[in-house]
Amino acid sequence: MATGVFSVHAGRFLGRIFAPMQTIERQMAAARKRFYKNVSISQSNGMYEINLDRRKLKTPMSRLFSVPNEPIAIAVATEWEAQHKEIKMSHMHMTQLCNTAIDNPSKKTPQQIVDDILSFLETDTICYREESPVELAELEEREWEPLLDWVRQRYDIQLQSSTSIHGPTIPKATKSTLKKHLLHFNHWSLVGVTSLVETLKSVVLSLALMDKHLTVEKAVALARLETEFQIMRWGNVEWAHDMELTDLRARAAASALFIHYNSERVTTMEKAPSWSA
Amino acid sequence: MATSMERLRVLRGLIRELRHVHKKGPVKETIAYNYLMEQYRKHQVTDQRVCRAHQELQRNAETYLCLLKSTRLQQALHDEYYGRPERTTEETAKMLGFDLPQNPPDK
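Chains as they are written, first to last, in the working numbering: chain A, 3 to 279; chain B, 6 to 112.
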């Protein structure tokens with residue numbers, strides 16, 4: 003009798019411990035089926051919203067999904083259209099970036115976001131050099147050094163590469179110049195910059211891509227220079243290397259577009275009417 | 006500056022990717038297609054006047070093409086290697102270019 007009571011209690015107790023874990027597992031495993039037929043965009047108060055049939059799209063924190071410009075809204079709508087049987091959020095980078103910008107789950111101020119971005123500078127891929135093998139060291143020198151020259155000139159900063167495990171020392175003036183530059187961006191763009199820097203693991207490469215000094219393909223190739231070097235030596239493994247490559251390219255491209263359209267006021271100048279006609 | 010051939014190549018690539026996105030129905034009815042064509046036409050008009058906007062459109066088009074293409078390839082690779090139940094020992098060996106010891110290739 004007593005043991006029976008005990009086991010019931012124990013069962014409840016264990017249930018309480020394990021129940022949340024089970025629900026988490028279930029959520030992870032079951033991808034949601036596509037529950038809508040048509041994706042459309044509607045405009046209200048100068049903002050763009052996404053409609054799945056008659057329902058308005060919402061963010062994970064249940065806020066209304068509304069974005070400030072048309073190209074981004076169209077890219078998001080296209081992502082939802084591209085989900086054929088199941089909704090795979092992990093392949094919807096533009097939607098994710100918008101969600102992060104709207105919800106701001108980490109509740110960071112622009113100042114904090116910029117500080118986080120610049121903390122990547124201390125371990126910037128471009129500034130971290132190898133000494134051996136010699137071929138790799140030469141490759142890095144050949145591919146990365148011109149970029150370092152470019153960033154020094156473009157932003158008028160001091161930045162050195164290093165072969166030490168501690169990485170390069172970043173002058174205070176460099177940080178403050180870049181900080182000033184990044185603080186010009188609005189919150190939405192900064193979400194994009196954060197994602198770009200996390201993808202490329204480099205502030206320098208991110209700036210070069212944002213300034214359209216590099217294409218996405220080139221920026222990603224430079225970000226995984228050592229990987230490409232090892233692939234040349236040992237061969238390419240499709241299910242690891244190519245997966246990583248396509249993932250990085252998609253993320254970098256989404257971030258670059260997100261930054262572009264959220265930071266630039268897009269104005270089109272119509273051709274002036276020709277008076278001779 | 007990008008040549009008109011180069012511009013057309015990117016535009017064609019984008020339309021091809023949009024066809025993958027919209028498997029049912031004509032691509033011409035989609036929002037993305039119409040926006041894209043509108044942008045390309047608008048910038049054709051300003052061709053003689055501003056180059057910067059033009060180059061910017063080209064770069065953004067290339068970037069968007071990269072996004073669509075990479076996402077599609079990523080999905081395809083995922084389905085091929087991770088999107089199905091566990092492989093048999095034989096399939097795994099084949100993936101790595103090996104045969105299992107009990108069935109050597111010459112027998």
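Calculated directly from the structure, the hints in this document are not laboratory data.
Be aware that a few hints might be false.
[What the hints assert, rightly or not] Partner residues are not named here, just some residues of chain A that face chain B (Cβ under 7 Å, in silico):
(1) Ile76
(2) Glu83
(3) Arg154
(4) Glu228
(5) Met245
(6) Thr248
(7) Asp249
Glycine included, each C-beta is placed from N, C-alpha and C at the ideal position.
Unsatisfied constraints (hint numbers, rising)
Numbers 3 and 4 - these are the hints that the structure violates, sorted from lowest upward.
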